[in-house]
Amino acid sequence: MIGSVAGRLAARNILRRPAEALLVVIGAMLGTSIIAAALVIGDSFDGSIRDGARTQLGPIDEIVQVRAGPDDLDRRVAQLADRLAHTSLRHVDGLLTARMAGAVLSSGRTQDTGSPDPNTCVMEVSPAEVRHFGPDPELGGFARIRHEPAAGTTFMGRDVASRLGLSTGDTVQVAAYGSARSFRVTRLIEPVGVAGYCDALVPAGSIAELARSAPEGRAEMAELPLGAVFVSNNGGLEDSVDHSEQVTEQLRAVTAGFDAEVRPLKADLLENAERTGGNLRTLFSAIGGFSVAAGVLLLINLVVMLAEERKVELGVLRAIGLRRGAVWRSFCIEGFIYSAASAVLGTALGIGVARLVISGAGRVFGDPDDPSQLLVVLRPAALAGSVAIGFGISALTVAATSGRIARLNIIAAIRDLPSHHVVRRTRWATLIACLGVAVGVAEFAIGFTRPSPELLFSSPPLIAWSTASLLAHRLPRRLVATTGAAFVIAWCLAVFPLFPREMEQPRITVFVEMGLIMVAAAVVLATNLDRLWARLIRMLTAHGRGVAVHLALAYPLARRFRTGMLLAMFSLVIFTMTFLGTFSAILGDSAPNGARDSSAGFDLIVDSNPSNPLDPTDISRDRDVAGVAVLVRGSAEFTNGYQPEPTTWPLTGFDEAFLGHGAPALLARDRRFRTDRDAFEHVLDDPGAIIVGTEFLQSSTAPATEEPEVGDRVVARNRSGEQVRLRVAGVLRSDYPIHGALVSAERARSLLAPTYSENRMFVRLQAGESADLVARRLARSFSNNGTSARTFLELADDQLSRMADFIRLMQAYLGFGLLIGLAGLGVVMVRAVRERRREIGMLRAMGTQARLVRQGFLLEAVFVAAHAVTIGITLALLTAAQVVVRSGAFSNATVEFVVPWATVATLVVVPLLVTMLTTLVPARNAAAIRPARALRELG
Amino acid sequence: MTGPILSARGVHKTYRSAGGETPALRGIDFDLGAGEFVTVMGPSGNGKTTLLNCLSGLDGIDAGTVVIDGHDIHNLPDRQRTDHRAKRMGFIFQAFNLIPVFSALENVELPMLLAGMADRSTRARAQELLDRVGLGHREDHRPAELSGGEQQRVAIARALVSHPAIIWADEPTGNLDSHTAEDVLALLHEVHADGQALVLVTHDHDIGTSGERLVEVHDGQITYDGPPRP
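For the record, the sequence lines run as chains E and P. Each residue of the first sequence is one higher than the one before, starting from 1 at the first, in this note's numbering. Each residue of the second sequence is one higher than the one before, starting from 1 at the first, in this note's numbering.
Note that these hints are calculated values from the structure, not bench results.
Derived CB-CB ranges, DEER-like:
no.	chain 1	residue 1	chain 2	residue 2	range
1	P	Q221	E	R12	34 to 42 Å
2	E	V439	P	G148	44 to 52 Å
3	P	G148	E	L920	34 to 42 Å
4	P	S178	E	R12	37 to 45 Å
Beta carbons are placed, not taken as given, at the ideal position from N, Cα and C, and that holds for glycine.
This is chain P alone, in the form it adopts within the complex:
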């Protein structure tokens, strides 16, 4: 493995509200190598999603550094951080989060448009990815017209379309039945096989042990980082 494409050091994150302060991450150190498949596990409310958000730059941090491609993303202005996200990252969420007023095809091609990478081949690339996730025949359908599994497959196609270096997946199978979840997981393994790094947050022990590396988070700290434990 070459050097890490993401390197986080001493990351702290605290949520503040009227009710007081809730520490979510406490001194996280984390490295991600190119093409790695990392699963993140831990009990609810212990900081898994916050870790994903902070490492990807979706959320700010209170202390520490997160360096991706040589840049501390939390020191970048919003415009550059957003631009970086568009070009180098893909996201898959438990709630799918497709844009309801766009068709499946439009949802998939959107990241290319946003990253300024669109050209005449964009539509063909989006169609190719929809074909790959088995939804080529439903490209004109809007999210409300698709099942949960289909929506998640569109979300995966969307995450892949701009060839991101890192794909962040937050409980991607949380809303799916076991059979559909298996299909989605198989798809994610295919993604990984293509050489893209994958960080997958999950509750599911079987999924958690299906990656190359397991990270366990308890009370905002990484308590285990190593090969998956049976």
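Same shape as in the complex, but just chain E:
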């Protein structure tokens, strides 16, 4: 019976005011949409990268590759293929031989078509063999290609042809090894499967011919042509990777001694997809967590307002026998229905948000001209998960808040008086508070002695909270809350100066924790300053001024719980956006320092295609060039103390010319060296010395736990498996050119042979020359080499701008959280108008102008928003400054703290403006309330 009463009450309340019910649903759905967006973004990155298995690989699971000169290439490939064909390889259903080379493709025309594509690849493969390679000819992309291109012709990938502005019948110029050949495009092919692995299919023998015609001395500088045997495992497009580990092992065993490299291409690609998708899912969920928290606070506010509005009827129902449990159930049923609706609608909205983020991410991560390369992937599991999580969070919030509501004081409710919850101290509460103090003290002791920044930092706030909880029943609550909150904020600001040794190089999580704790403490402090505000208002109104302010501030100051919830909701979002904005600005500002530190006194960094590298003598002869240093580049396998797994990492070799105009700046160097230059000169002399970047051998997908230090031992392995022991002589301050690790050119060649190239140069210009102009001229003059010439500032800017763009993308995503805050404030104001009809009616009866009522509501919303903006921005700047100055993550001195004035201005102006806009409608409705009607409704 009671249950049916609860159900009936819930149903009637939903149907009674559908518009108000809709507002609650809107308020609750915003949090769900953030969760849905995070899940869809993760799946979309995963799916987009995974799609590479179809477009770039098809039936290819592994590659066995050898590098050889033109005279040796066919023999080496044939030997390799023969060895594999005559071995019984388990789980393998096909082998395919191919020859490939890096090349620069261009239309040969200068004005009317796309610029040369500097990093393309040409391939020689038999279409007939491809059709029989793997389980399905369609997967290979050659189902309808019967013959290989005739002499002097090529089949081009449709995407590359489009970039170069070429179509069938046009001529394409292929440049490699210092020579170039023209081919007529006779067919455009879909870049799918084997056809997607390289950009153009050329007739057999073309690559060797290009390499043979290389001018004397040029071939040694270039990457050798590649001979490959592609391997297809049993299974379909993706499940074939189940055998990849076993097949790779077999291939390595079979090709031992062949100087061949075996790579599980598809397994690597799918693993990368999963890792990237997972990381982005986690990142967006974590950052979105702030918005979800804001959504939860909004929902609590809405449920409390619902209860407040129905207080009298609930009191009467309780008086005539409705049990507390039934009140709770009634609210829960109603809330669960709202939660279910909001979970579904929120998920739909989240898909829209994800689409926007993916579109932005396409511009950040991929080709700015083709952001569509990132797909929006909707997986049923993610959508179901979003609905479930969204419903769960909303339902739990409603259930917990309803529990508090159900404990209403019947008399106070019937008389419509504010209910003063007398919180009785239970034994459990006392026990938990005592436990909190004990745990806090223990954490502090451990944090201090070990030392652990995480424990040391978090223990005093825990002790403060627990102590406040114990004292709240013995001392005035306001005094306890204010003192506790002030102490916590003071602790957050003082912990580093007080404990410099113990708090040395804390992880970034400490600062996130710090931000959250400071926001919570600031909100407690702000809501307990109501008497100060009241005094200020009294002073103002004592002279007959500020009636609107008086009316506006009365409610937020009197209803501290609600104001606190609103403030916390809003402040959290502003805090996160300011925090991210600060790092975006810091990155932008650090480019000039980074450029200076990595330039070694040179002006330009000039890259060319590895298979068709620039001849340094060509550059040296240029009238504007004063000096050139050629770098040897490749990748080697390394291990060190914190990375025991062999990890492939870029390796760069340099010679004396590199130190001709200075040296890159070092963050740390061996004490033996007086200057950074001394350390580099030592590396030139000592083949056992290495200089590394700050991110050396760190995972790109996990937070850094250890960093390289001077004196570290590093083991490098060359292609024949021989181990070379090296010692770190210095750590680079910044590594924008991505050297990875630096050794002498001689040592680099010996470690990397035969897969290195000398396609990068540092160029010093004659004094007074414009680096930008010369860079553009060089790139144009040597376009056949796929030349890219940039200033160091441009290089640093380019890399930093991607990071800054990504941060801005996160800010935009969080902007949705700001929308929650703003919409939440709007929803709360709409409900406030309903709740205060009686007071508004009376005010109007007493002679309050409609204009004053409207101003009062607008000012009230602006007061809350301005408070939140102040708290959020101030604390975010303080936290960000601490991160930059104190965190190990920014021990790099090229990063300096800057206040992002543009972001700060935006975060002040936009929220206040939008707050006024969202409050305009409820404020207008309030002003339109007719006094007689409002007063009559109550009679």
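With chain E's structure known, arrange chain P on it following the hints.
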């Protein structure tokens, strides 16, 4: 008695809802002299409160005129009508209708602020009125911290603070016990003694006969207007 400070002629008011039309006032003619104490009586639902609302300008009318201080208040724009209300009228309601987030003192001084009549003496005037209604010691208390009788006394102080010419009181003792109701009534008589006109809507026969003039309303029409009948 000088000329009326309020003169209503042919006032009609009809409530419209989905269920149809309900005539509330049907051709009301009414004059109020300065300093008069008029009680309005009649059965529930016959138009007493509507009469008060329409005469004070809180609610609109469908036909007729209500002239106060030479102005037909229903022809005034909302801004002027509101301004007029703030300066010339005070209201006391059965449900007290104090602003819950303001203290007693703030509630009392509010009309002065709204009427633009506030100056350095406002607070003193509000304190003086609270003293007069016997609540000087509770000026910092919010309505929820006061009893029903105390709240109504604050409401009376609020109605008086800006020296209004007319005080409208709608069942001011309806929510109070008899003893507290007597106190409140005595206070209203004091108000009247100060020379302010008082229009008091009531069910209570004793209160109804305590004024100088009695108006009885039945079915939206004035059926009696004269000295109180025993």
